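Peer 1: Assemble the dimeric complex from its two separately framed chains, guided by the hints.
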Amino acid sequence: KAGVTQTPRYLIKTRGQQVTLSCSPISGHRSVSWYQQTPGQGLQFLFEYFSETQRNKGNFPGRFSGRQFSNSRSEMNVSTLELGDSALYLCASSSEGQGPARYTFGSGTRLTVV
Amino acid sequence: QQQVKQSPQSLIVQKGGISIINCAYENTAFDYFPWYQQFPGKGPALLIAIRPDVSEKKEGRFTISFNKSAKQFSLHIMDSQPGDSATYFCAADHNNDMRFGAGTRLTVKP
Chain A
1 KAGVTQTPRY
11 LIKTRGQQVT
21 LSCSPISGHR
31 SVSWYQQTPG
41 QGLQFLFEYF
51 SETQRNKGNF
61 PGRFSGRQFS
71 NSRSEMNVST
81 LELGDSALYL
91 CASSSEGQGP
101 ARYTFGSGTR
111 LTVV
Chain B
1001 QQQVKQSPQS
1011 LIVQKGGISI
1021 INCAYENTAF
1031 DYFPWYQQFP
1041 GKGPALLIAI
1051 RPDVSEKKEG
1061 RFTISFNKSA
1071 KQFSLHIMDS
1081 QPGDSATYFC
1091 AADHNNDMRF
1101 GAGTRLTVKP
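Residue numbers (the working numbering), protein chains in the order written: chain A, 1 to 114; chain B, 1001 to 1110.
Hints are computed from structural coordinates only; laboratory data are not their basis.
Predicted model only: the values in this text are computed from it and were never measured.
Backbone N, C-alpha and C fix where the C-beta goes; we use that ideal spot for every residue, glycine too.
Don't take each hint at face value.
What the hints assert, rightly or not - EDC-like, lysine to aspartate or glutamate: derived pairs with alpha carbons at most 20 Å apart:
1. Lys57/A - Asp1097/B
2. Lys57/A - Asp1031/B
3. Lys57/A - Glu1026/B
4. Lys13/A - Glu82/A
Unchecked claim - Calculated Cβ distances over 10 Å to all of chain A for the following chain B residues:
5. Gln1006
6. Lys1015
7. Thr1028
8. Gln1072
9. Gly1083
Just chain B, with the same shape it has in the complex (with noise of 0.2 Å):
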């Protein structure tokens, strides 16, 4: 079953703008939750990830917000560029059992 969801499947947003991906998971012994990017004909490459002890990390333009008791976390693009289009997957880990959402497909419109 999925145990990491993500939404939206996909999304489209201008340059300049913020992009919104959340997940939710089920599976409290996570506790490690990454972000990985991945371009056309590459590997997921990792991008920011998150403690649950802390609800917020901020890393140049990417952002994971947290919440450990509604189980949800979020990556916010900020200044989204047309560079940022890519297909981004939030995950969660448990003793290197890593569980990865469906995917969610970015494009940013010049």
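One chain only, chain A, in its complex shape (with noise of 0.2 Å):
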């Protein structure tokens, strides 16, 4: 059975400028979470996406978005880069009705906005 899988791995942008992260999940899981993981905040919680529905959110400001296609792969955007939005990306999926969430990681997108 295939991981988690977070593209891409590493990804440099300029600040003011957009970006596009994908994740797909393990085949059968539906349900998607995304983080944001820094030294110094740890894992911040971004949203939560159910059958193409975001069902839970985080504390972010409206720049970071998110969605949920019919496949279950997801996409985060992060618009208008600032210095502070250098981090981790990490998404994270789990099947829906075994209970609670019993998260897979994927190795995450390393984002560097200079």
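Peer 2: Structure, rendered in structure tokens:
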């Protein structure tokens, strides 16, 4: 069974640009969550999608958005990038209906904003 | 705000020693408490988890102790090994809304 795949692995963007990150969940998993990981803040919850609907949302500005497609693949977009957006962005998938979230994380996308 | 508080930030233990990481939560709606282990360049991986109706869970060298009244839980790693050197995150979940602690960087010295 393939794991959670995140692309690209590394990304360098200029302040003010926008970026789109992709996450392919484990086959059969319908829930996808996104997290921002920084050394100072740890893992910060961005949002969770299930069946193309955003179910939960963290405390991030509107520049951070996401979506989920009918095949459960998810994308997150960050517009008007700021230096502070430099982080490792992780997505995790889980299968619904088997108790609490048993997340499987991808290896992340390392975003550097210069 | 930080809904799950984790300490210490870093921990150095000798091989064979016991590593202890503590977490406290605020939201009593949380009903699932996992611990994740993360190695450099990798995403976090589920290590062990507990529900609040159980006070302790043990899997091999890893034990979670849970105190519902104090809203605290901890991870104990017995006979710590250099291969356990990693960053550990506690988390608390309710309805697929999982919140993480800030992480503990564990170094086990040979």
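Peer 1: A separate judgement is required for each hint: does it hold in the structure or not?
Peer 2: Hint-by-hint comparison with the structure:
| no. | hint | result |
| --- | --- | --- |
| 1 | Lys57/A - Asp1097/B | 8 Å, holds |
| 2 | Lys57/A - Asp1031/B | 19 Å, holds |
| 3 | Lys57/A - Glu1026/B | 18 Å, holds |
| 4 | Lys13/A - Glu82/A | 10 Å, holds |
| 5 | Gln1006 | 8 Å, violated |
| 6 | Lys1015 | 26 Å, holds |
| 7 | Thr1028 | 16 Å, holds |
| 8 | Gln1072 | 18 Å, holds |
| 9 | Gly1083 | 19 Å, holds |
Of the hints listed earlier, the one the structure fails to meet is number 5.
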